[in-house]
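Model the placement of chain B on the given structure of chain A, informed by the hints.
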Amino acid sequence: MTVATPGDVGLGCYVYGVVPADLVLPKDLKGVAGQAVSLIPYGDVAAVTSLMDSDRTMAGRDDLMAHSRVLDAVAAVGPVLPIRFGSVMQDRDAVKTNLLEPDQDRFHAMLDDVAGQSQFVVRARYDERQVLTEVVAENAEIARLRAATRDAPDDSSYGDRVRLGELVARALEAKSAEDGRNLLTELERHAAAVNIREGAGVDRLLDVALLVEDSKRAEFEQAVEKLAEAFAGRATLKLIGPTAPYDFVAAGE
Amino acid sequence: MTMAAAGQRSGGYLSRPAPSSLADVIDSILDKGLVIDAYIRVSLVGIELLTIDARIVVASVDTYLRFAEATNRLDLYEKGGETLPGMVESMSESGAQGKTRGLLSGAKEALLGRDEDRAEQEQEDEREEEYQEARPRRRPAKKAAARRRRTEE
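In the order they appear, the protein sequences are chains A and B. Be aware that the first sequence starts at 1, since it is given in UniProt numbering, and climbs by one per residue. Be aware that the second sequence starts at 1, since it is given in UniProt numbering, and climbs by one per residue.
Just chain A, with the same shape it has in the complex (with noise of 0.2 Å):
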């Protein structure tokens, strides 16, 4: 897949995300397989790249922390669209010509959008026991088939098992999708943007991405842990950030 050119064999360049060209990095900044971390300028923007061999596999954890790290480190001393993980490129030529110079006024405009404001990312998790405690105790379909399968043995109770389940899940998801709202709504109020998050798993109860005001990250902060009191004992709420604002870049077209 890689072209070797004379005096550059084997290296690549690996590219974390775009910044304005006058972005001065953080000191010392080590990217993935703890290659030096530097700028490629074109124009008003900047790619933020490290070499990097191009057949080396990667995807492993040091990688990704790695280049999650360079980002949110690039994050908090100003605007940076990040790129996709695993994006490598053939040189830093490559770098100016193909990626920069024809998106040049694109990323500008991009960066202008991101400027000013640091991505959070808020997980609520629900106590599993909990939420099932009061699933059962709000539902008396469900209360019957528990009462009816606990003690049964496993193969005559299959279908009352298999309903029982099917009538756990269908609560938790209204359940998730009232107290989400709630959250939501209060978090809105101090972003100025939000990308929910598709969830993955039951003890589920949100997960948001929220793009917000460096100005108003004070009440931010509070709003969260508010809920998060206001939450205790039935769900546990995680905040995550300040982070490059990797919900609120176009996915690619």
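Everything labelled a hint here was simulated from the structure, so no lab data went into it. Where a beta carbon is used, it is the ideal one built from N, C-alpha and C, also for glycine. Careful: at least some of the hints might be erroneous.
Now the stretches of chain A that chain B is said to cover, found in silico as 3 or more residues with beta-carbon under 8 Å [as the list claims (entries may be wrong)]:
#1 61-70
#2 76-90
#3 123-137
#4 146-152
#5 174-184
#6 217-228
#7 236-248
Taking lysine to any residue and the SDA-like style, the derived pairs with C-alpha atoms no more than 20 Å apart in a straight line are [said to hold, decoys possible]:
#8 LYS216(A) - VAL77(A)
#9 LYS30(A) - ASP37(B)
#10 LYS238(A) - TYR13(B)
#11 LYS216(A) - ASP113(A)
#12 LYS226(A) - THR63(B)
#13 LYS238(A) - SER60(B)
#14 LYS96(A) - ARG61(A)
#15 LYS226(A) - GLU188(A)
#16 LYS175(A) - THR63(B)
#17 LYS226(A) - VAL35(B)
#18 LYS30(A) - TYR64(B)
#19 LYS27(A) - LEU30(B)
#20 LYS30(A) - GLY43(A)
#21 LYS238(A) - ASP37(B)
#22 LYS238(A) - GLY12(B)
#23 LYS226(A) - SER15(B)
#24 LYS216(A) - ASP37(B)
#25 LYS238(A) - LEU22(B)
#26 LYS226(A) - ALA250(A)
#27 LYS238(A) - SER156(A)
#28 LYS238(A) - SER15(B)
#29 LYS238(A) - SER21(B)
#30 LYS30(A) - ASP62(B)
#31 LYS175(A) - TYR64(B)
#32 LYS216(A) - GLY116(A)
#33 LYS27(A) - LEU11(A)
#34 LYS96(A) - ALA18(B)
#35 LYS30(A) - SER15(B)
#36 LYS96(A) - ASP37(B)
#37 LYS96(A) - LEU111(A)
#38 LYS175(A) - ARG234(A)
#39 LYS238(A) - VAL194(A)
#40 LYS238(A) - ARG16(B)
Coordinates of chain B only, in the frame set by chain A:
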């Protein structure tokens, strides 16, 4: 804006992990960020990992059976003599410490606690195993003892 706030653990109810866990990082970079056109980039490596759909298929018989079992497991607490409303109360009391992990946790977290380069089916098995492993921890022995202590007080 600075990263100075990273690492703080504020309030007491809100968890603010720093640095971010691998699972959180994956969630943020999984299918996000600008895509460089295929014909101008050398490679988009590691994509096999990242296109794995780790989401639980909720609407499946298998999943339903797991829910049913999780729900029935609640009986273990009830059999100690507590009625359901009483149980709700005592669970609320125990709050944070009563947190359980396992069955209903996000698939990604379950996956990423392990080696990341497994095939999808293996990941399914893995979850199943984890679920099985989780069961002994949920046995009521300790809980019953704790309840007894409370009653004596």
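Given the hinted pair LYS30(A) and GLY43(A), is their Cα-Cα distance within 20 Å? It is violated: about 25 Å lies between the C-alpha atoms, which goes past 20 Å.
For the stretch 146-152 of chain A, do at least 3 residues have a Cβ located nearer than 8 Å to some Cβ of chain B? Three-residue rule met by the stretch 146-152 of chain A, so holds; n is 3.
Holds or violated: LYS238(A) and GLY12(B), Cα atoms, limit 20 Å. 11 Å, holds
Take the C-alpha atoms of LYS96(A) and LEU111(A), compute the straight-line distance between them, and say whether it is at most 20 Å. 17 Å, holds
Agreement of LYS226(A) and GLU188(A) with the hint, judged by alpha carbon distance not exceeding 20 Å: 14 Å, holds
LYS238(A) and SER60(B): Cα distance at most 20 Å? At roughly 29 Å apart (the allowed maximum being 20 Å), SER60(B) and LYS238(A) break the hint.
Would you say the stretch 123-137 of chain A counts as covered by chain B, given the rule of at least 3 residues with C-beta under 8 Å? holds (count 13)
Under the criterion that the straight-line Cα-Cα distance not exceed 20 Å, is the pair LYS226(A), VAL35(B) satisfied? Distance of about 37 Å is beyond 20 Å: violated.
Hinted pair, alpha-carbon criterion (20 Å max): LYS175(A), ARG234(A). Please report holds or violated. 12 Å, holds
Sort out whether SER156(A) lies within 20 Å of LYS238(A), counting only the CA atoms. 42 Å, violated
Using C-beta distances, would you say chain B covers the stretch 61-70 of chain A, given that this needs three or more residues below 8 Å? Coverage by chain B holds here, the residue count being 7 at a Cβ distance below 8 Å.
Please verify whether LYS96(A) and ARG61(A) have alpha carbons no more than 20 Å apart. 29 Å, violated
Going through the hint list in order, the structure does not satisfy hints 5, 9, 12, 13, 14, 17, 18, 19, 20, 21, 24, 26, 27, 30, 33, 34 and 35.
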